[in-house]
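Peer 1: Going down the list, the protein sequences come from chains A and B. Take this note's numbering: the last position of the first sequence gets the number 111, and nothing is skipped along the way. Take this note's numbering: the last position of the second sequence gets the number 222, and nothing is skipped along the way.
Worth flagging that the hints you see were computed from the coordinates, not collected in a lab. Please note that the accuracy of each hint is not assured.
What the hints assert, rightly or not - Restraint-style ranges between C-beta atoms, simulated for each label pair:
no., chain 1, residue 1, chain 2, residue 2, range
1, A, Glu14, B, Met166, 44 to 54 Å
2, A, Pro8, B, Asn163, 34 to 44 Å
3, A, Leu111, B, Asp127, 41 to 51 Å
Said to hold, decoys possible - Cut-off 30 Å, straight-line C-alpha distance, at most; resulting in silico cross-link-like pairs (DSBU-like, lysine-lysine):
no., chain 1, residue 1, chain 2, residue 2
4, B, Lys209, A, Lys11
5, B, Lys181, B, Lys217
6, B, Lys209, B, Lys147
7, A, Lys57, B, Lys181
8, B, Lys147, B, Lys178
9, A, Lys57, A, Lys15
10, A, Lys57, B, Lys147
11, B, Lys178, A, Lys57
12, B, Lys167, B, Lys179
13, B, Lys178, A, Lys11
14, B, Lys217, B, Lys179
15, B, Lys217, A, Lys57
16, B, Lys167, B, Lys147
17, A, Lys57, B, Lys209
18, B, Lys167, B, Lys181
19, A, Lys57, A, Lys17
20, A, Lys11, B, Lys217
21, B, Lys181, B, Lys147
Glycine residues also receive a C-beta, built at the ideal position from the N, C-alpha and C atoms.
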Amino acid sequence: GAGVSQSPSNKVTEKGKDVELRCDPISGHTALYWYRQSLGQGLEFLIYFQGNSAPDKSGLPSDRFSAERTGGSVSTLTIQRTQQEDSAVYLCASRSFNEQFFGPGTRLTVL
Amino acid sequence: GEDVEQSLFLSVREGDSSVINCTYTDSSSTYLYWYKQEPGAGLQLLTYIFSNMDMKQDQRLTVLLNKKDKHLSLRIADTQTGDSAIYFCAEESGGYQKVTFGTGTKLQVIP
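Here chain A stands alone, though its shape is the one from the complex (with noise of 0.2 Å):
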């Protein structure tokens, strides 16, 4: 079956501008987590939905990062008034069980 997709792959932006970053989770997985993985850096948790329940944020850098997930399933970030230090890349991930299944990845450079 299809795994974790994400959407762009890549993005530039502008310094200033917003960004909406997207997540298409294994059908089915109700967990569904961001990270951000910046050049030589682990991966930074952001925020986790967990079917119903309210979002663990605690991850969030600043007020400028949200997400959302509709209906369960797909899952956007957005990060407004982009700074350079946003660059990083984006990484989605899925769960069943005890695996995360992590999607591929949006780049992001703000230049």
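Assemble chain B onto chain A, guided by the hints.
Peer 2: Chain B alone, transformed into the frame defined by chain A:
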């Protein structure tokens, strides 16, 4: 909060054993994971261990857990050039499914 630490780099010769170490801070961790990220590829689960276990072996992989010291290690026997990748340690908070990743250890295998 949760914190997971790893050394950034490890170099071994082909055929030798590799040992990648990880320390974590959350005493309520239930599961600890090892993920592998090959160049240009997404993260994939290698193995995981439940927190009430000391050791888990899976073919060339051996995971050791010292819960008292909050120390996790991954041993790869007979390391091959195909094992060159970044290895991420991750811990899951008790009953919560929030997964925190370490910085990743880049393993270089010298032929």
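Peer 1: Does each hint fit the structure? Answer for all of them.
Peer 2: Against the structure, the hints:
no. : hint                             : in the structure
1   : A/Glu14 to B/Met166: 44 to 54 Å  : holds (52 Å)
2   : A/Pro8 to B/Asn163: 34 to 44 Å   : holds (43 Å)
3   : A/Leu111 to B/Asp127: 41 to 51 Å : holds (44 Å)
4   : B/Lys209 to A/Lys11              : holds (27 Å)
5   : B/Lys181 to B/Lys217             : holds (21 Å)
6   : B/Lys209 to B/Lys147             : holds (19 Å)
7   : A/Lys57 to B/Lys181              : holds (26 Å)
8   : B/Lys147 to B/Lys178             : holds (22 Å)
9   : A/Lys57 to A/Lys15               : holds (24 Å)
10  : A/Lys57 to B/Lys147              : holds (26 Å)
11  : B/Lys178 to A/Lys57              : holds (28 Å)
12  : B/Lys167 to B/Lys179             : holds (17 Å)
13  : B/Lys178 to A/Lys11              : violated (42 Å)
14  : B/Lys217 to B/Lys179             : holds (26 Å)
15  : B/Lys217 to A/Lys57              : holds (29 Å)
16  : B/Lys167 to B/Lys147             : holds (17 Å)
17  : A/Lys57 to B/Lys209              : holds (11 Å)
18  : B/Lys167 to B/Lys181             : holds (16 Å)
19  : A/Lys57 to A/Lys17               : holds (22 Å)
20  : A/Lys11 to B/Lys217              : holds (26 Å)
21  : B/Lys181 to B/Lys147             : holds (21 Å)
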